[in-house]
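Colleague: One-letter residues, chain by chain:
2 protein chains.
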Amino acid sequence: MDKLKIIPLGGLGEIGKNMMAIECGNDIVIVDVGLMFPGEDTPGVDLVIPDFSYVMENKSKVRGVAITHGHEDHVGALPFLLRQLEVPVYAPRLAHGLVSLKVKDNKRGESMLHTVDSGDIIKMGDMSVEFFRVCHSIPDAMGLMIRTPVGAVIHTGDFKFDHTPVDGKPSDLAKLAEYGKEGVLLLCSDSTYVEIPGYTPSEQIVSATFDHIMAESTGRVIVATFASLVSRVQQVIDSAAKSNRKVAIVGRSMSETVAMAQKLDYIRSPKGTLVSFDQIKHLPAREVAIVTTGTQGEPTSALVRMANKDHRQVQITAGDTVVMSATAIPGNQTVVSKTIDNLFRLGANVLYERIAMVHVHGHAAQEELKLMMSLTKPKYFVPVHGEYHHLVLHSRLAQTMGIPAENTFVMEDGDTLEITAKGAKRGERVSAGPVYVDGMNTWKPDSTVLRDRRSLSNDGVVVVVVPVDTETGYLVGDPEIASSGFVDAKQADELREAAKEEIIKALNQGVEHNEWSFIQAKVKEVLGKYYYAHTKRRPLILPVAIEV
Amino acid sequence: MDKLKIIPLGGLGEIGKNMMAIECGNDIVIVDVGLMFPGEDTPGVDLVIPDFSYVMENKSKVRGVAITHGHEDHVGALPFLLRQLEVPVYAPRLAHGLVSLKVKDNKRGESMLHTVDSGDIIKMGDMSVEFFRVCHSIPDAMGLMIRTPVGAVIHTGDFKFDHTPVDGKPSDLAKLAEYGKEGVLLLCSDSTYVEIPGYTPSEQIVSATFDHIMAESTGRVIVATFASLVSRVQQVIDSAAKSNRKVAIVGRSMSETVAMAQKLDYIRSPKGTLVSFDQIKHLPAREVAIVTTGTQGEPTSALVRMANKDHRQVQITAGDTVVMSATAIPGNQTVVSKTIDNLFRLGANVLYERIAMVHVHGHAAQEELKLMMSLTKPKYFVPVHGEYHHLVLHSRLAQTMGIPAENTFVMEDGDTLEITAKGAKRGERVSAGPVYVDGMNTWKPDSTVLRDRRSLSNDGVVVVVVPVDTETGYLVGDPEIASSGFVDAKQADELREAAKEEIIKALNQGVEHNEWSFIQAKVKEVLGKYYYAHTKRRPLILPVAIEV
Chain A
490 MDKLKIIPLG GLGEIGKNMM AIECGNDIVI VDVGLMFPGE DTPGVDLVIP
540 DFSYVMENKS KVRGVAITHG HEDHVGALPF LLRQLEVPVY APRLAHGLVS
590 LKVKDNKRGE SMLHTVDSGD IIKMGDMSVE FFRVCHSIPD AMGLMIRTPV
640 GAVIHTGDFK FDHTPVDGKP SDLAKLAEYG KEGVLLLCSD STYVEIPGYT
690 PSEQIVSATF DHIMAESTGR VIVATFASLV SRVQQVIDSA AKSNRKVAIV
740 GRSMSETVAM AQKLDYIRSP KGTLVSFDQI KHLPAREVAI VTTGTQGEPT
790 SALVRMANKD HRQVQITAGD TVVMSATAIP GNQTVVSKTI DNLFRLGANV
840 LYERIAMVHV HGHAAQEELK LMMSLTKPKY FVPVHGEYHH LVLHSRLAQT
890 MGIPAENTFV MEDGDTLEIT AKGAKRGERV SAGPVYVDGM NTWKPDSTVL
940 RDRRSLSNDG VVVVVVPVDT ETGYLVGDPE IASSGFVDAK QADELREAAK
990 EEIIKALNQG VEHNEWSFIQ AKVKEVLGKY YYAHTKRRPL ILPVAIEV
Chain B
490 MDKLKIIPLG GLGEIGKNMM AIECGNDIVI VDVGLMFPGE DTPGVDLVIP
540 DFSYVMENKS KVRGVAITHG HEDHVGALPF LLRQLEVPVY APRLAHGLVS
590 LKVKDNKRGE SMLHTVDSGD IIKMGDMSVE FFRVCHSIPD AMGLMIRTPV
640 GAVIHTGDFK FDHTPVDGKP SDLAKLAEYG KEGVLLLCSD STYVEIPGYT
690 PSEQIVSATF DHIMAESTGR VIVATFASLV SRVQQVIDSA AKSNRKVAIV
740 GRSMSETVAM AQKLDYIRSP KGTLVSFDQI KHLPAREVAI VTTGTQGEPT
790 SALVRMANKD HRQVQITAGD TVVMSATAIP GNQTVVSKTI DNLFRLGANV
840 LYERIAMVHV HGHAAQEELK LMMSLTKPKY FVPVHGEYHH LVLHSRLAQT
890 MGIPAENTFV MEDGDTLEIT AKGAKRGERV SAGPVYVDGM NTWKPDSTVL
940 RDRRSLSNDG VVVVVVPVDT ETGYLVGDPE IASSGFVDAK QADELREAAK
990 EEIIKALNQG VEHNEWSFIQ AKVKEVLGKY YYAHTKRRPL ILPVAIEV
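Those protein sequences? They're chains A and B, same order as listed. Per the working numbering, the first sequence starts with residue 490, numbered consecutively. Per the working numbering, the second sequence starts with residue 490, numbered consecutively.
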């Protein structure tokens, strides 16, 4: 009996780095290979990517990767996978363009990339993947109809039902209805905004706000948004053109994305509207619009540099209007607030989501999620994309739509679901979870490196150099002490002599064993106590042996 | 000519640690002495308190401290001030009770505390302070009418206009109207929720939700809220009583606060409703309600321990309903989400602000802020309490109410405003800003300790022990290298020998000066380059000299 396995490898139970393996017999189809940006509990980490172990252990089965759209949390980890695995990747045209930018230094990787259009059906072993159009906050987003020997799986990707999207290409309701008729075994549907009742407003609302801002502002209008929010850039261009403003793109990532989107015809600009920064420099402020990045308060972004009076090209002045066209991602609110504050301090008027309709998000709200279920009529339901509570709420929503509770599965990364003609049940867990990319290294969550960094960041470090006789284990000189991030230089001086005395006393008071590990433990113990008593802090104590 | 000075010392331009000095002639009145909890950019810091320099430099003038209400961001730094300054403190009864708990180990501090009731007028030098009732998310909150030789200043404290508050004591509209008639020179008004149009909903809405939850849930109901949200605890008790549930308080800070509030009659429980945990332990789940803390995801809070299966008394099971009756403060959203996820994983049903009406906040929205201005008719306006963008938006709101732009002042901590009969203008800045309490130490924002901690947390530390001849500056032995939070043990071993070679080569290649500072700089330079080339990381390099 054929068995279908659904194995989320990223993005279930937490936001970001989406990846899923769909396995049937000897074939595996991978859906998306995303990354996420690290949080404050992983200091120094550059990126978070999925754990590829399961895929690599089964690499002979992998028939292809299907990409739903070009956002980082769906494609960002592809370059890491393609360094390890030779596999064809099928992506919508814009996603393909954006991924190409990332793998351009990997000729072999580039050769694995293929473009698809909506309606294309790609054969992957005994399975096939049909791409269908959905709306999202990037053009050219697709959902997947994956036909398998056991039945059809629909993976929505990120989606919403905007009947009046910027690019004029709404989600393909007719196709979804056809799939529903054909029969859908399993629906995997986007859960990100399941908490929100009703419908997500159309992008049209944002266009109306932009039109108003561009027409009414007497100074420059600077719109910050995500580099990947290509349709938002289109909206700025359209509104600017109506108000006779020229638009310049500021910032490297935004410029690259826009250039790619323009080349592929996903951004269209009335002749002479989209120009270089040099061409707007000397125009009257009333004729200028700028598009840039920095809505998440990223320290090196153009907008944050502008807010800190540290941007090479753009100086914020009174009369400027700054539009933050994005939601602050949880965890970023504090830095975003600071950026808004600094822009206000420079005299700009700042418009942001809480006080103006300058952003709508790209995910379906409750009524849209229900519409997806109504159209596709799945037998089984797995909520995808979202934190655990989103998944739970989405599975409950599915139950209100008549899908039996025993046919809905709240899964987390590494869980497996096994479906046969007889039914569906949970299978064995596979290796999954975050992999932290840190410079040239990667760490797993249990890494002592990250644990040490967290400890260092709270209380600093004290280094103790202990001169020992390796034969006897006895102290043969005065210990040296240095610290960083612990107390200030003055207090460090004050504490140093007494701390040395503590060590000498402890080590001379009968060392039972002369192994370094014992000496080390003893030093940590006495110094830990001494410092806590005098500072109420627990610095990381790092003893170093010097053999003399 | 008399001159009135308004000097914000905390809470303007950022959220939290509210404090203001109001100075006229030889007299200073201090309004509130709050603290705030540190953000992620100040690792290891326990608390943030205001800079007391200005107050201490002028301590002979300080006539008294007027406290508006008992929240930490308004009273939390009082114990620190009272250790340095002998001054009478006037606080509403509940705030007084809560502060007493904090200074109970400081007899002298305790003796400075006095209670006031609404309508009380306290003479402070040539000024006087009248306390008037306002609604906020703690009972017994007051605004201040401060009469000075130059004119009257109204400081609203934190407020909203709830016409049906839990304790039945609405903001005193009549009094505010009287003040308006008497004449108000300056209004200092709460800006925290100026972004929100309309009115803040009444606490009644929360009571209705609680009634429903308590009646419908078949298991235990566990409500988490702020320890200081005394009226919310009252609401839980009232709803529980209606549904024949007993209520137990779990968690030390919540228990202390509730005990104090009960003693002072700010919490009233129908006989037998509020009981100890032991008394609910063996009751059927349907008859149990629990109130606890942890809505901000604080790792040591009761709710987070429950979510992590790590609480001594309460084990979460399927059937439990957990109510998060609070807003996640920006910066805490990620940990709050994780707590909600873990509670769902244990099978609880979790209700939180985004999906149920289980919380209303304690601050005035736009229409209430306008009402405050309409009633008091101030000549000058200073928005208080809020981040800089809140203050800007509030000053604009004042202008829509007819207060001329030149009479509204957006101030930040340390700014001064000078008002005389002739007019108002900005004066010289005074010392202000955050002071970080770190164990037994305090740091200013420019502290190298905090800078080092941030650096340690990103890339870890490498210690290099350099044996030098103090006479010649020559290396007289092999350097030793140890690291923490940098790379894993295996890679550290791999890098060690080559790194030592780099040092030996660098120091033997002609050391121009034999001072330790030169050797140190050289070691940092060569190792920094070496490590970056091999790991793309920049650990903090800490050379320690050993003289032999």
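Heads up, a few of these hints could be off.
Note that identical chains are pooled: a pair holds if it fits in a single copy or bridges any two copies.
[As the list claims (entries may be wrong)] Only pairs whose alpha carbons sit at most 20 Å apart, straight line, appear in this in silico SDA-like list of lysine to any residue:
hint, residue 1, residue 2
1, Lys-933, Thr-1024
2, Lys-735, Pro-659
3, Lys-798, Leu-996
4, Lys-752, Arg-741
5, Lys-989, Arg-1026
6, Lys-752, Glu-901
7, Lys-827, Gly-528
Source of the hints: derived by calculation from the structure; they are not laboratory data. Please read all numbers here as calculations on a predicted model, not as lab measurements.
Colleague: Does each hint hold? Answer for all of them.
Modeller: How the hints compare with the structure:
no. : hint                : verdict
1   : Lys-933 to Thr-1024 : between (33 Å within a copy, 17 Å between copies)
2   : Lys-735 to Pro-659  : neither (29 Å within a copy, 54 Å between copies)
3   : Lys-798 to Leu-996  : neither (55 Å within a copy, 41 Å between copies)
4   : Lys-752 to Arg-741  : within (16 Å within a copy, 63 Å between copies)
5   : Lys-989 to Arg-1026 : within (18 Å within a copy, 32 Å between copies)
6   : Lys-752 to Glu-901  : neither (39 Å within a copy, 48 Å between copies)
7   : Lys-827 to Gly-528  : both (18 Å within a copy, 13 Å between copies)
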